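The lines below spell out each chain.
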Amino acid sequence: MTRYTIDPVTRLEGHGKIEIFTNDDGEVENVYFQVPELRGFEKFCEGRAVEEVPQIVTKICGVCPGCHHMAAGKAVDAVFGVEPTKTAKMIRELFYMAHFVHSHIAHFYALGAPDFVVGPTAPKAERNVLGVIAKVGVEIGTEVLKQRRIAQEIQALIGGHQTHVVMNVPGGVRKGIKEEERLDIVEKAKGFVEFAKFSMKIFNDVVLANKDYVDIIVNGPYNLNIHSMGLVDANNKVNFYDGRVRVVDTFGKELLTYMPNEYLDNIAERVEPWSYLKFPYLKKVGWKGFVEGQDSGVYHATPLSRLNASDGMATPVAQEEYERMYATLGGKPVNATLAMHWARLIELIYAAEHCLELALDKEITGTDLRNKMYQTPKEGVGIVEAQRGTLTHHYQTDERGLVTKANLIVGTTNNHAPISMSIKKAAQGVIKKGVKVDDGILNMVEMAFRAYDPCFSCATHSLPGKMPMIVNIRKPDSEIIQTLRRD
Amino acid sequence: MKKEVLILGVGNDILTDDGIGIKLSREMQQRLKYDNIFYDTVCLGGLEILEYIKGYKTVILIDAIKTEGGIPGTVYYFTPADFKETSNLSNIHDVSFLKALEIGKALSMEVPESIHIIAVEIVEDLTFSEEFTPEVQAKYPEAILKTQELIEDILG
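In order, the protein sequence lines correspond to chains A and B.
As numbered in the numbering used here, residues 1 to 487 make up the first sequence, in order.
As numbered in the numbering used here, residues 488 to 643 make up the second sequence, in order.
To be clear, the hints were calculated from the coordinates, so they are not data collected in a lab.
Among the hints, erroneous ones may be present.
Okay, the calculated beta carbon distance ranges per label pair [unchecked claim]:
1) B/Ile641 <-> A/Leu402: 43 to 49 Å
2) B/Lys544 <-> A/Gly331: 26 to 32 Å
3) A/Glu269 <-> B/Ser601: 47 to 53 Å
Keep in mind it's a predicted model, so treat the numbers as computed, not measured.
All C-beta atoms, glycine included, are put in the ideal place defined by N, C-alpha and C.
Model the full structure from these sequences, guided by the hints.
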């Protein structure tokens with residue numbers, strides 16, 4: 001048996017590791033995707049005042065601090081049995097749209113685009129964001145950083161800090177938005193909308209206009225036929241901040257739907273001996289293994305699954321793009337893993353448009369920022385869509401509001417099984433007998449999980465103090481016959 | 488006009504030893520009272536770091552590091568030329584620290600002329616805690632002195 005080790009995963013937050021096992025014929029037999037897990041969060045929270053937790057959780061992850069802050073804030077609302085005021089909800093959503101803009105821009109240009117704009121098997125020295133800049137122009141690179149910075153400025157203005165956010169308090173937000181600030185955000189959000197549309201144009205011109213790339217997306221070893229999860233509003237439109245979780249099956253029909261406080265009735269977590277991280281699955285379907293199809297309990301929670309699970313987007317340009325994607329790819333649901341990049345850009349447009357909508361509404365400058373009709377604290381669940389999947393925070397407290405129990409299902413954890421399955425399919429598709437396993441081949445394997453925008457910062461963010469990636473190719477007796485290093 | 492010096496502590500102060508860069512940076516703020524030195528802390532790397540350091544002439548980053556067989560509490564000094572990957576300066580979600588510097592230069596940003604990295608060998612960064620491990624705690628006073636000495640050397 002030959003063993004390929006990819007450790008750690010390139011351009012992936014956290015220290016992931018892929019083990020690919022082949023048989024003597026050179027065919028891929030199995031693949032294991034492994035990540036370490038952070039420990040002790042529940043213990044860390046125990047005994048702390050629950051209203052402090054939304055500030056603490058911003059430190060869980062440097063990549064999606066706003067998502068944890070938002071899910072925790074909503075869970076704490078529920079702990080105190082209080083609904084935020086309308087103004088507070090608008091302010092929270094405005095912050096959250098800026099957070100999505102910031103993150104989705106980063107993924108497209110730094111993580112997704114190198115594979116397509118530069119090329120999936122291009123020399124590794126060029127297959128990065130600098131290669132993208134070289135292709136699309138320095139001014140675009142400057143604009144990427146500018147728009148990300150502006151998104152951070154909005155988050156810092158509303159949230160008190162761009163990463164260590166202090167915005168959410170039980171039943172509302174700490175501070176409001178002044179009229180001059182609103183007008184400033186309107187101008188910035190207009191820029192987001194234009195930049196989001198421009199980013200979609202790049203995708204159209206560079207990716208969709210290239211027959212080979214479309215072929216890889218549609219016919220490559222990157223399809224996974226599983227259920228789709230996403231948060232939707234009352235009209236079944238995609239919603240990042242609020243609503244109910246909806247899961248559609250492999251035919252696109254609603255399989256189940258649940259409110260945050262019902263998550264334990266709907267989601268269970270599978271433990272495998274080879275992985276620190278658990279594998280969530282649909283409890284009512286049951287765990288049937290790492291298998292595809294209508295009977296599988298495996299679901300994904302990604303930009304693509306959010307679109308699959310919805311009946312559309314709540315803003316006009318995003319809706320047009322939503323319709324175009326499904327028309328192009330043959331209707332709903334779409335199972336092409338690499339279409340996640342497309343879905344992410346549609347979400348970028350939605351976030352930008354909704355950011356503008358919220359800023360244009362003068363009601364957002366209201367002064368009714370906090371509902372203080374608190375009940376005796378007890379228990380609460382908050383769910384939002386993080387960029388990388390549905391994010392659930394669950395807290396239980398004593399009657400003083402001190403945390404007695406905490407549980408989190410983070411965005412990427414939902415996708416642990418799908419990522420493992422996608423990697424295996426990709427590896428089986430590109431690693432064949434007689435095919436030299438070079439950097440380009442391994443990158444095509446990595447493309448399978450990169451599409452998920454996986455973030456294991458919640459798992460770990462320690463690098464080994466060495467090269468970021470080492471690939472060992474071993475004979476069946478484990479003797480190393482080739483080592484690839486990647487920086 | 489460019490600001491002179493930024494001392495930036497990098498890490499996560501609720502992940503056991505990972506916060507050592509943050510804590511050392513705060514300690515230096517108490518000890519080093521030079522004019523025109525700015526202090527900040529951050530738990531981000533990659534492109535985000537670029538936003539923090541642009542516009543300064545000199546930047547001194549303090550971060551944690553894990554090396555094979557490293558002795559806890561050991562203080563290392565690097566520059567971009569002999570950079571070893573520390574715990575937080577790169578963000579694999581976007582780009583590595585060195586790539587971020589390249590991007591900054593490619594986009595004509597005001598990347599600091601002089602960049603110094605101080606890294607401290609740690610033991611544990613996967614467990615939530617505000618306390619260091621005993622091994623790092625035992626060496627922390629020495630790490631403070633060594634860090635101060637290095638910064639004073641850098642600043643002349």
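Evaluation of the provided hints:
1. Range check, B/Ile641 to A/Leu402: Cβ separation about 45 Å, and the 43 to 49 Å hint holds.
2. Separated by about 58 Å at the C-beta atoms, B/Lys544 and A/Gly331 break the suggested range of 26 to 32 Å.
3. Evaluation of the 47 to 53 Å hint for A/Glu269 and B/Ser601 yields a pass: the beta carbon distance comes to about 49 Å.
The earlier numbered hint that this structure contradicts is number 2, and it is the only one.
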